[in-house]
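Just so you know, the sequences run in chain order A, B, C and D.
Per my numbering: the first sequence = residues 1 to 225.
Per my numbering: the second sequence = residues 1 to 225.
Per my numbering: the third sequence = residues 1 to 212.
Per my numbering: the fourth sequence = residues 1 to 212.
Please note that a few of the clues may not be correct.
List of simulated lysine-lysine pairs, BS3-like, C-alpha gap at most 27 angstroms [claimed, not checked]:
#1 Lys134/A with Lys4/B
#2 Lys72/C with Lys73/A
#3 Lys155/C with Lys200/C
No lab work stands behind these hints, which were simulated from the structure alone.
These numbers come from a predicted model, not from an experiment.
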Amino acid sequence: MINKIVGSMAEAVADLKDGASIMISGFGDAGAPAELIEAVIAHGATDLTIISNNAGAGEVGIAALMKANRVRKVICSFPRQAASHHFDARYRAGEVELELVPQGNLAARIEAAGAGLGAIFTPTGFGTLLAEGKETREIDGRNYVLEYPIHADFALVKARAADRWGNLVYRKVARNFGPIMAMAAKTTIVQVSEIVELGDLDPEAIVTPGIFVNRVVLNSAAATA
Amino acid sequence: MINKIVGSMAEAVADLKDGASIMISGFGDAGAPAELIEAVIAHGATDLTIISNNAGAGEVGIAALMKANRVRKVICSFPRQAASHHFDARYRAGEVELELVPQGNLAARIEAAGAGLGAIFTPTGFGTLLAEGKETREIDGRNYVLEYPIHADFALVKARAADRWGNLVYRKVARNFGPIMAMAAKTTIVQVSEIVELGDLDPEAIVTPGIFVNRVVLNSAAATA
Amino acid sequence: MQRMDRTALAARVARDIPEGAYVNLGIGAPTMVGNFLPRDKDIFLQSENGLLGMGPAPAEAEIDWELINAGKQPVTILAGGAYFHHGDSFAMMRGGHIDICVLGAFQVSVHGDLANWHTGAPDAIPAVGGAMDLAIGARQVFVMMDLLTKTGESKLVANCTYPLTGLACVSRVYTDLAVFDVGPQGARVVEMVDGLDLDKLRELTGVDLELA
Amino acid sequence: MQRMDRTALAARVARDIPEGAYVNLGIGAPTMVGNFLPRDKDIFLQSENGLLGMGPAPAEAEIDWELINAGKQPVTILAGGAYFHHGDSFAMMRGGHIDICVLGAFQVSVHGDLANWHTGAPDAIPAVGGAMDLAIGARQVFVMMDLLTKTGESKLVANCTYPLTGLACVSRVYTDLAVFDVGPQGARVVEMVDGLDLDKLRELTGVDLELA
C-alpha cells in the first residue's frame, strides 16, 4: 500500500541538504506553506536557492528564512514589497543573490521543467533589462527571448486536501504556483489542512494528480483554510 | 449580458470559410464533437486543414469530412487505424496532405499556441524521421528539436456542460485535447450535453474558463454523455 | 484648466471598456477602474494570481485571505467565476486572451513603449511582477497616469529614459490632462480637459502631437 | 527449448514492476501486463488519453466509451484515480514523471535505440501516436517482443534498420527466449529460457552478448 502521508513537518523535510533548490508556492501569504518553511528553518539547511513569486514579507515564511540567513539566492518576480525588510537587508548587504524573472516567465519556466522541455521562446521581457544577454529570435514577425526551464530539488506546496496517493485540491487563489511547482521539483512536499480517503476527491476535479507529489503532511494547526 | 450559447450547430459554424484551419478534440470517438462536424459538412466549407489526434475512422466525424473530400491537410499523430479507410483512400490518392506529429509534440505545440510561446525545444522525435530538417540543440546534455506552435482559426470541442459565459467541464477521458485546443484557436466552438446556470459549476472544478470559449451549443440529441 | 483626479480618471477609463471584455487591472490606481464598470454589464476581470470573474471588495466579515487580487487586497468571485493556476493565468495573458489591461506607468513613449517597473536608480531593489507579461500579452494596453511628474516633466515622452517594461505595447494613455492614442504613427490627442489646447499640450509634453 | 508465450511474457514483465511505480502500458501486447500486476499492491497505470489510476476492464454492462485506454478499449478508474487533459498527460511523460513504460517493438538495438512505429515500407501510411513521447520520456523503457521475426531474423540488432522511435531509450528487452539489458555497454543477458545458452543466443541474434 502506498501512503505518501508522513507524520510531521520535520519528517517531511528531513532529507533537505545544504545548497538545495526549493520552490515555494504562494502569492503573498495565499498558498504559502508557512509551516513547512518553519520546519526547514528548524532543520537547519542553509545555502538554499529559493524559487518563489516573492522574497518574503513580514516575519514568517520566506521572510523568516531570510532573517535566519539560510538563503544564497532567490529566483522571483516581486521581491520588493511592503514589509520585505528581511530580504531587503540581506540583498543590500550582498548576502543574497537575486534573479529577477517576470512572473509569467517564472511560471512558464517552471512549467517547462515539469513538462520536460529544453527551452522556450517567450515574448515577455524582449527588449528589456531582464533579457539582456539572452538569445532572441524573431518568429512570424514577433520577437522572443529564449528562456530555460527552472528545476528544483524540492517543492514546498500548500493545498487544501490530499489523499494518501497525493492527489490534491486547492482553495481559491491559494492554488497559484502550487500545481506547476509540484510538477517541476524532484521531490514535492505538500502541507494540507485535510486528509481524505482515497476516492473522496472527485477525479474530474483533482488539480494535481498524485504522480507529482511525494509527501503529504497534515497541518493540524489549520483552523481555517 | 453576455450569452455565448447559440441556438444551433449550423449557427455555431456559420462563419467558417474555405481554407480554414480547424482543431477537433477527441481521442478516437471519446470527446469527438460529431454533431459539430456534421454541421461543418452541411455548411459546405472545403479546403480545410484539420488538426486532431486522428484522421477519422468509420463513417462519422472526421471520417465523414474525409469522405466528403473537404480536407486539404491533416495534422495528427495517429491517422492509420482500423476503419480509417476514408483517410487512407484520400491519402493514397494524393488528395490530402499529412503532417505527422508525435502525440505529445502535438499537445505541446497546441499548448504553445494557447500560451503565446514562439517555439519550444522538445526532446520528442530527436534523431527520427519526424525531426528531419528541423533545428536541434543540445541543452544540458540532452538533445532537443525546435517545434513551432500550432494555431487554428477554429476549435471544435466536445464538453459535458457549460454555462452562458462558456465555462466548461468535461466527462472522463473525453476531456483529452479539448482544454488545450480551446486555448489555441481564434474561435472556439463547444458542443455540450448540458447547459447550466451561471454559478452552477464549481469554480474550483471548472476545467476551461470561459475566456477560452466563444460559442456553446447544446447537443440536444445527447441521450447519454 | 481642470485636472481630472484619480477617481474621475478611473471612471473615464471604465467608459472605454465594452461589455464582454476580458480585463486585467494592474495594482494601484488601475484597480479603481473596477469601481466604475457598469454592474449591469458582463465585463470579466482577471486577476493574475488565478481568478477570472473577480467581484468587488467583500464586507469586512466576508474577508478571505485566500481570495485576494494581485495587489493582495481581499476581493470576491462572481457566480460564473473560475480559479486556475499560475501557468494558465499567464497563458491567458501571453496567449492574447486578455482584451484589455490597464497599467500605471513612469513613462510611455509616443510609439507605445512602456516603462513602469524600475526607476533605474542604482540603489533600488527592482521588482517586476506580472507587468512585462501583461504589457506584451494583452491585446490592448491602456496606461493610466498623471501626465506630468511632480516636478513638471512629461511622462509622455519621445523615448523612454527609464528601463522598459515592453516595446510598442501601449495603445492608449489616460492622463489627468488628456487622453492619447500612441503607436507607430506617434501620439494623437483623443481628448483634453477644458481649458487646454493642442499648443499648450505640446508645450507641456515637449513631444509631437496631433489631434486624433 | 521452451518459448514463453505472450501471457507468460506479460507475467514476467509484471514481476519487474515495483509497488508505487507510475507505469504506462503501450497498446497491444504490453496492455496484457496489467492483468498480472498484483492487486494488493498500489501500482499506478497511466493512460496517455488522460487517466491515472486505470483499473481493469469493466463488466459488459458497465462499459463507458468515454472511459477507454490508449488502445480504445473500455477500462475503469480506481478510487484515487484522476482525469486530466492531453497537455498534462504528455507533461507526465516528457517531464520524466512516468517510472516505467512498456512498449512493443519492431527492433531494439543493443544500445537501446528503439524502432516501433514505422516499417519504412514506401506504401505504408505512418502513424506514431504517443510512442516517441513515451520512448524518450519514461525513466525506464521496457520492450516486450518476440526475439525473432517469423522469418527468423533477430529483432535485437546491432543497429536498427527500421526508422527510429527514439535513441538510446530502452533499458530492458523482454522476449520469448531471453531477457536483455541494453544500453551504453551493449546487450547483457539477464535470463534465458530453459534449453538455451549464451552461444546459441549469440547465434540466433547475431549480436555481441554477455551475461549480465
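Quiz item: Are Lys72/C and Lys73/A close enough, with their CA atoms no more than 27 angstroms apart?
Solution: Holds, at roughly 25 angstroms.
Exercise. Below or equal to 27 angstroms on CA atoms is what counts here, so check Lys155/C against Lys200/C.
Key: Roughly 15 angstroms separates the two Cα atoms, so the pair holds.
Quiz item: Does Lys134/A pair with Lys4/B here, judged by a C-alpha cut-off of 27 angstroms?
Solution: violated, 42 angstroms
Going through the hint list in order, the structure does not satisfy hint 1, though it satisfies all others.
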